[in-house]
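Chemist: Now for the letters of each chain:
2 protein chains.
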Amino acid sequence: MENETSELDWSDLNTLKEHWSELDHSSRKEKFARLNRPDAEELFLSFGPLEQIELIIDLPAVEKRSWVRLLALDDAADFLQNLDPEPRQEFLALLDEVSRQEVVGLLAYAEDEAGGVMNPRYIRLRPDMSVEEAIRYLRAQARTPIETIYYTYVLDYDQKLLGVVSFRELLLASPDKRVREIMKTDLVTVPEEMDREALSDVFSSHNFMALPVVDEIGHMKGIVTYDDIVDVVQKEATEDIQKLGGMEALDAPYFKTSFLEMMKKRAGWLMVLFIGEMFTATAMAQYEHAIAKAVVLSLFIPLIISSGGNSGSQASTLIIRSLALREIRLRDWWRVFMRELSAGLVLGGILGALGLFRVYAWHLWSPVYGEHYLLIAMTVACSVLGVVLWGTLTGAMLPFLLRRVGLDPASASAPMVATIVDVTGLVIYFSMASMFLSGTLL
Amino acid sequence: MENETSELDWSDLNTLKEHWSELDHSSRKEKFARLNRPDAEELFLSFGPLEQIELIIDLPAVEKRSWVRLLALDDAADFLQNLDPEPRQEFLALLDEVSRQEVVGLLAYAEDEAGGVMNPRYIRLRPDMSVEEAIRYLRAQARTPIETIYYTYVLDYDQKLLGVVSFRELLLASPDKRVREIMKTDLVTVPEEMDREALSDVFSSHNFMALPVVDEIGHMKGIVTYDDIVDVVQKEATEDIQKLGGMEALDAPYFKTSFLEMMKKRAGWLMVLFIGEMFTATAMAQYEHAIAKAVVLSLFIPLIISSGGNSGSQASTLIIRSLALREIRLRDWWRVFMRELSAGLVLGGILGALGLFRVYAWHLWSPVYGEHYLLIAMTVACSVLGVVLWGTLTGAMLPFLLRRVGLDPASASAPMVATIVDVTGLVIYFSMASMFLSGTLL
Chain A
7 MENETSELDW
17 SDLNTLKEHW
27 SELDHSSRKE
37 KFARLNRPDA
47 EELFLSFGPL
57 EQIELIIDLP
67 AVEKRSWVRL
77 LALDDAADFL
87 QNLDPEPRQE
97 FLALLDEVSR
107 QEVVGLLAYA
117 EDEAGGVMNP
127 RYIRLRPDMS
137 VEEAIRYLRA
147 QARTPIETIY
157 YTYVLDYDQK
167 LLGVVSFREL
177 LLASPDKRVR
187 EIMKTDLVTV
197 PEEMDREALS
207 DVFSSHNFMA
217 LPVVDEIGHM
227 KGIVTYDDIV
237 DVVQKEATED
247 IQKLGGMEAL
257 DAPYFKTSFL
267 EMMKKRAGWL
277 MVLFIGEMFT
287 ATAMAQYEHA
297 IAKAVVLSLF
307 IPLIISSGGN
317 SGSQASTLII
327 RSLALREIRL
337 RDWWRVFMRE
347 LSAGLVLGGI
357 LGALGLFRVY
367 AWHLWSPVYG
377 EHYLLIAMTV
387 ACSVLGVVLW
397 GTLTGAMLPF
407 LLRRVGLDPA
417 SASAPMVATI
427 VDVTGLVIYF
437 SMASMFLSGT
447 LL
Chain B
7 MENETSELDW
17 SDLNTLKEHW
27 SELDHSSRKE
37 KFARLNRPDA
47 EELFLSFGPL
57 EQIELIIDLP
67 AVEKRSWVRL
77 LALDDAADFL
87 QNLDPEPRQE
97 FLALLDEVSR
107 QEVVGLLAYA
117 EDEAGGVMNP
127 RYIRLRPDMS
137 VEEAIRYLRA
147 QARTPIETIY
157 YTYVLDYDQK
167 LLGVVSFREL
177 LLASPDKRVR
187 EIMKTDLVTV
197 PEEMDREALS
207 DVFSSHNFMA
217 LPVVDEIGHM
227 KGIVTYDDIV
237 DVVQKEATED
247 IQKLGGMEAL
257 DAPYFKTSFL
267 EMMKKRAGWL
277 MVLFIGEMFT
287 ATAMAQYEHA
297 IAKAVVLSLF
307 IPLIISSGGN
317 SGSQASTLII
327 RSLALREIRL
337 RDWWRVFMRE
347 LSAGLVLGGI
357 LGALGLFRVY
367 AWHLWSPVYG
377 EHYLLIAMTV
387 ACSVLGVVLW
397 GTLTGAMLPF
407 LLRRVGLDPA
417 SASAPMVATI
427 VDVTGLVIYF
437 SMASMFLSGT
447 LL
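First to last, the sequence lines map onto chains A and B.
Numbering of the first sequence is given in this note's numbering, commencing with residue 7 and proceeding in unit increments.
Numbering of the second sequence is given in this note's numbering, commencing with residue 7 and proceeding in unit increments.
The set of hints was computed from the structure by calculation and includes no laboratory data.
One thing to keep in mind: the hints can contain errors.
Which copy? The list can't say, so a pair holds if one copy fits it or any two copies do.
As the list claims (entries may be wrong) - Calculated cross-link-like contacts (lysine to any residue; reagent style SDA-like; alpha-carbon spacing at most 25 Å):
id, residue 1, residue 2
1, K270, M344
2, K166, K183
3, K262, S32
4, K35, W73
5, K241, F214
Next up, chain A with everything else stripped away, as it sits in the complex (with noise of 0.2 Å):
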């Protein structure tokens, strides 16, 4: 159940921030605009680019300056990435010549890769600096925009990455020993191009609170620090939901991407899938005269196709987040094959078994499935557990296939994995059907 209160104190920041979704264009501009400053800088921080653009894009220019500079450079870039070319260029010349450099090497990194989501400021200390000097320094740069003041990377005069030293570190150490003593070398660093499900998975096993990234010769380029992790992880795992769906995933919020947008993700798959489809009629008509002959047959095809459609909906699905977090590996496919086996015969017995329990059931009450109605509780039976097997085993296999040719597991959808199943589901359900009922109804 939703919490919802009738009376807001729309004064109140956190009050404001909860209930952002909720306001129009139109309010959400009037009330920033009666924040006093330090409240609107905090609720301008906290927003992402998308509602930070429509806070300031209609501003006189030099209130744009003054917001746009106000971001830290990874997430000015995630700003201007967001932006039309024409704006872009505009924000771009609002910042200082510095800044616009920095800012220009980020936009230069896809959005998804490690590069993508790094601040190239951080602090920087030399291997022979005392932790007295190192100290002082870090109190004066407490003072910049710099992300995070809590980690400090060791480097040499060519701007390789030498070690890593945490303020806590420092303020154990005593004041006069040197930052080369007390630096950890042993260190956890991320490629540029890493992507960044590969850098939310580094993050969540080593529990660090911001990792340097670094180039291919060892030159440090920037950090990536956790609170981009938070949203990285649930921006992959919203992409593999909506693709587990049957869809291309959206980059926008449900009401923030237009019409014409969503349907371009959402008809292309449904197509593909129709067209999949589609090979459904062309195996039934091999089929039509059986239908002709025993019309009883046709009453279970919707019941038959669907059971192998869940199983192997439940399969892919499990297989895939496993792949994602990396539970399971490609190399484990055999292991997993077999495990699935297993549970496709099992599952496949009990569904089984209720399908012919109910064939025999509705008999006692209706007459409507005939004298031969226990041939027919067999084929019902027996061609469940078929598909149900047939559809967990698929659901199974169909993502390390897709991930060993290259493809995105996650594509491998409940109804992609359906339309598969249904065609051979159609074939296994009428063999069954032929091999118990020939002679008598067929």
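With chain A's structure known, arrange chain B on it following the hints.
Modeler: Relative to chain A, chain B alone:
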């Protein structure tokens, strides 16, 4: 493609972490035993409770004690929560008296509440301390196993939370100021019983490293830190994804879940869906005479019902994720309805046209659809339009309905929507058929 190195340097800690999941139980224990103490500690602390338990459960009691005392209190509680009652008592007995009481307090919270992921140790300041005193106190505290020293909390003598000061702010303030003068009193706090989905939402909208957890009268109980939240966000997404695949969420990774456990989580929903799908057989029985008269109608049954399932899967997935991320709220249901109405019409129109074309084109090539192929084509096209529209609206509205009655919207999985839509899809199809084909085929 996976990047698989054939020659691994197992002495390297990062290599070991990365390939941990590929090792079997005995090589894990062997590798762990061979590490020097600092590396072993780092590895141990980077793991979740299940891996930690695996490593130390068989060690002698003295060694057990040194490992379990290494854990932060919230992590110790997680560790204990994953043990059976008997070893849990054994490990509890290994903690010192104070920690034991705090851990037992944490165990009382559900694992998915703020109280269940919080750490009861944090830095407490008094409002009348000077900044200089506070910094000195902090440096001393940096030595103790407190999870974060970068935020400090100002409490009165009654443990009531008055304000928060970041380490950075302390460093910037002049040393003779009082803590009360520089503390931030416009606080974001989270209640003990807030669920972790809402919690991750607060983190991602405020970008804090840590949040204070308070009880209903404002007493501070502990802090939740960002690193717990990355895991929480991953876990939440995994749960939702598994539910969307049409199963109960697993509590552990794929290979860590016992076969029996997995069957329980999968068979339940499959049975519910199968029983739901049985209504298609009942519905079909109503149309047995129509099929007997015009067998050609049966050919398109799988195609038509799957279109409804696929479009419903898209719509439900989209809405479920948007609800989870709070991009849309319960009260938005009408806006969503209107938008999905248009979407359903457009998507249904496109697929209907494809269906029309398919029947027509096939007829040119083979006479399988007989002389009334145009009427059949119209029946298929209009049914697809109707079924896609219906599937889209059902998929979009079902998550709202579930949320409204207090259930998890993620239960509106692709298979569940497909099951609901299949029966109605058949009704739509055969109604269209009787409209277009009465007097000719029917």
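Chemist: Does each hint fit the structure? Answer for all of them.
Modeler: Hint-by-hint comparison with the structure:
When the C-alpha separation of K270 and M344 is checked against a cutoff of 25 Å, the pair qualifies only between copies, where the shortest distance is 18 Å, while the shortest distance within a copy is 39 Å. Taking the shortest alpha-carbon separations for K166 and K183, only the intra-copy value of 22 Å comes in at or below 25 Å, while the best inter-copy value is 40 Å. In this assembly of identical chains, the alpha carbons of K262 and S32 lie at most 25 Å apart only when taken from the same copy (16 Å versus 52 Å across copies). Proximity of K35 to W73 under the C-alpha cut-off of 25 Å is restricted to the intra-copy arrangement: shortest distance 14 Å within a copy versus 54 Å between copies.
Taking identical chains as interchangeable, the C-alpha atoms of K241 and F214 lie at most 25 Å apart whether they share a chain (20 Å) or sit on different chains (19 Å).
In this structure, every one of the numbered hints holds.
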